[in-house]
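In order, the protein sequence lines correspond to chains A and B. Residue 150 in this note's numbering sits at position 150 of the first sequence, with consecutive numbering throughout. Take any residue in the second sequence, note its place counting from 1, add 1000, and you have its number in this note's numbering.
Some hints here could point you the wrong way.
[To be verified] Capping the alpha-carbon separation at 16 Å, the derived lysine to aspartate or glutamate pairs in EDC-like fashion look like this: (1) 92/A x 1260/B; (2) 12/A x 1154/B; (3) 1012/B x 325/A; (4) 1092/B x 138/A; (5) 1092/B x 310/A; (6) 68/A x 41/A; (7) 149/A x 165/A.
Simulated from the structure, these hints should not be mistaken for laboratory data.
There are 2 protein chains.
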Amino acid sequence: MIIAALASAPGKAGISVIRLSGNDTIKTVKEYLSIEEKLHEIVYNKLYLTDFLNEGEFIDQVTVAFFKEGHSYTGEESAEIFCHGSPIIVRKILEALYLEKNIREAKPGEFTEKRFMNGKMDLVQAEAVIDLINSESDAAYISSTEQLKGGLSEELKKINAMLIELMSILELELDFADEDLDFTPNDEITGKIDIAVEVINKFIQGYQKGRIFRDGIKVALVGDVNVGKSSLMNAFLKSDRVIVTDIAGTTRDVIEEKIEVNGYLLRIFDTAGIRETEDIIENEGISRSRRIIEEADIVLHVIDSTDPSEDEYAGNVIKVYNKTDLEDVIIDENSVKISCKTGSGIEELKHKIVKNVIDEELTYRPYYISNVRHLNILKETVSQLEQAKMSIQQGQNNEVVIVDMRQALDTLGEITGETTSMDIINNIFGSFCIGK
Amino acid sequence: MIIAALASAPGKAGISVIRLSGNDTIKTVKEYLSIEEKLHEIVYNKLYLTDFLNEGEFIDQVTVAFFKEGHSYTGEESAEIFCHGSPIIVRKILEALYLEKNIREAKPGEFTEKRFMNGKMDLVQAEAVIDLINSESDAAYISSTEQLKGGLSEELKKINAMLIELMSILELELDFADEDLDFTPNDEITGKIDIAVEVINKFIQGYQKGRIFRDGIKVALVGDVNVGKSSLMNAFLKSDRVIVTDIAGTTRDVIEEKIEVNGYLLRIFDTAGIRETEDIIENEGISRSRRIIEEADIVLHVIDSTDPSEDEYAGNVIKVYNKTDLEDVIIDENSVKISCKTGSGIEELKHKIVKNVIDEELTYRPYYISNVRHLNILKETVSQLEQAKMSIQQGQNNEVVIVDMRQALDTLGEITGETTSMDIINNIFGSFCIGK
């Protein structure tokens, strides 16, 4: 079966790209082209200028390239059609192709899934493809690019090798259990398990930073009504995307805006002012605000310098004294003086937010895992390794320990795709866009 | 100077396309590629797999194709870069390129403008490119494709040839004015002018249909409040995109929805119910409705069959009796019985709309001009030809008539671009998208 889909973004443009992959792609696509006769000997990776015809009827002048099995993105015989960036032409070409018995619409992520299935990348790299496409900051770009290039896969291979070495020691001892050999002492084996756990824990701890690289820093703007939260949001954006008025309770829903600081994405949530109110909709906003504050990486407690609040917020809080053009205040190191009106202190505040949560420099480390799936698998692996260690300490025989170790290895293999169930694989690729 | 821009639609996708054109494109782009050394001898139209680097720093794995001067879209040396469809990667690649002294961002339509300037297509064909990209129906697609293939240009050449033949007769007579030759009788010349005018008028009259091919049929839904105009809109769309309520005056603004019937685009405008009201916003809606009705190709006067209105609307009107599931009515040939509730009569109504305005068959003719610029130029040409005819009839000498004829020829040449001012050309390409 050949799969086909629009691979460029939908919409009106100069060029659109339609991608096909599967056995007999070339033979099948050729029949739609006015230069069919010239194609008795295909030059791969060459752009052919040709008319695309549907049952002899002209659809568009296009360029077409063919890719050889084993030398394409998917690993299968493939083709790409470059047509005018007109949605109606894309529709006409795809409709013409789907009329073929052996061509069907590609499912989301199916081209990359084929690439994974054909062993041209592992699951971690495939996940990096979608992260790369979705990346909205330099940090997200760096993290997904490194992962795509195989940085994380290499690290995982090292952990895998450590566990396999442990397995082979245990299996060797099992094979020669009846003979009079010098067995590796138990505490040497548990020591090796500890080292593996330590390495894995470094990745688990790296998740916090990896998540920030990929998804950005969640910033909650909180404070009493009318202290200037929406004005601060506007000052961040240097625009007027948020409605600011003098009426208390204007911001009834949670508004999210994004800016980039030092390459990091800052996701700023302007929350409803928290106060007693009879307004049901506003109350709903306040309860959403509470959730936002709980999930935030950092809370900006905005305070009116002319009428400072005594409220305290829990968690990672920066006190932001606004209106300092009207009233000066004395601050500590967890506070910043700003004026949304004059713009003073805004840049300093942006950098303080980043410094507070992550190194200000954009220094990526291979153990900054960013995917919660990877995090959970690594946690599970650690717990299974600890189970193995406990079995040794309880004096269980090697068969039992080997079963524990095998489990840990299988769990670890779920990250790169070696032991991942088809359900999970489908789930991963299902989150891709169509045509990738 | 090399121009560069994103040529595929902006957004997250599998693939994005960046296009460059201008002298030294290949030499300049090569320096960004990891396979630079392998490119000492370029194979044109070949897709090279390579890393794209910015000052040695990896940006993305891309494919790149180079096009030879004279054999590219623009006619200049060109390149296309196919990268991951990630907006941040597109930004990084373009930013890296724009740092070059000899690369700048392309202006809207500039690639096609170069194609026109380099004589690879005329202005009529260039205008068809943007119409093709914007086309939203089969009719619009057919009209722009035919124009792009040169159908209209061919017809205009024929008219041009007729005028040139007339010119040569007049000039010949002028050259031999003193000699004793048999001059072409005046009424033979005015006869030839009449024929030319007749041909041009066929195109002028074709505009009405050409416009409908390109822009669709404007349908205005009118009638008293609560007769079911919004319900009819929903029935057309077979969805619930328009808010329908029982409160009179819900539809306060003009809502436009589009459907395709027999390949034609129907642009349906749901107008505010026209009635006396104190509501200022609603009154504004009503005055917009009046404008819509004036501009509509067809007016659907929706009538509640259980309480039929006596109102009459001027223009091309179909009376649409709704709620015929509740009350049957007797209708004439300009009326249709429907029920939005049961869906009966809706398909019949759609086809009646098309039949009423244009041939139901999607039969395109080369004289269906669709561009108001072309219409105005042709009207001007006719008026100048009539001026020439009048000069002849007034017994003016040939010099005067030749001036009139020359004007008509120059005016006609503005359509295809031969005599078009740079202002108008810039205006035309300025309406294109960037990257085309």
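Hints not upheld, ascending by number: Hints 2, 3, 5, 7 not satisfied by this model.
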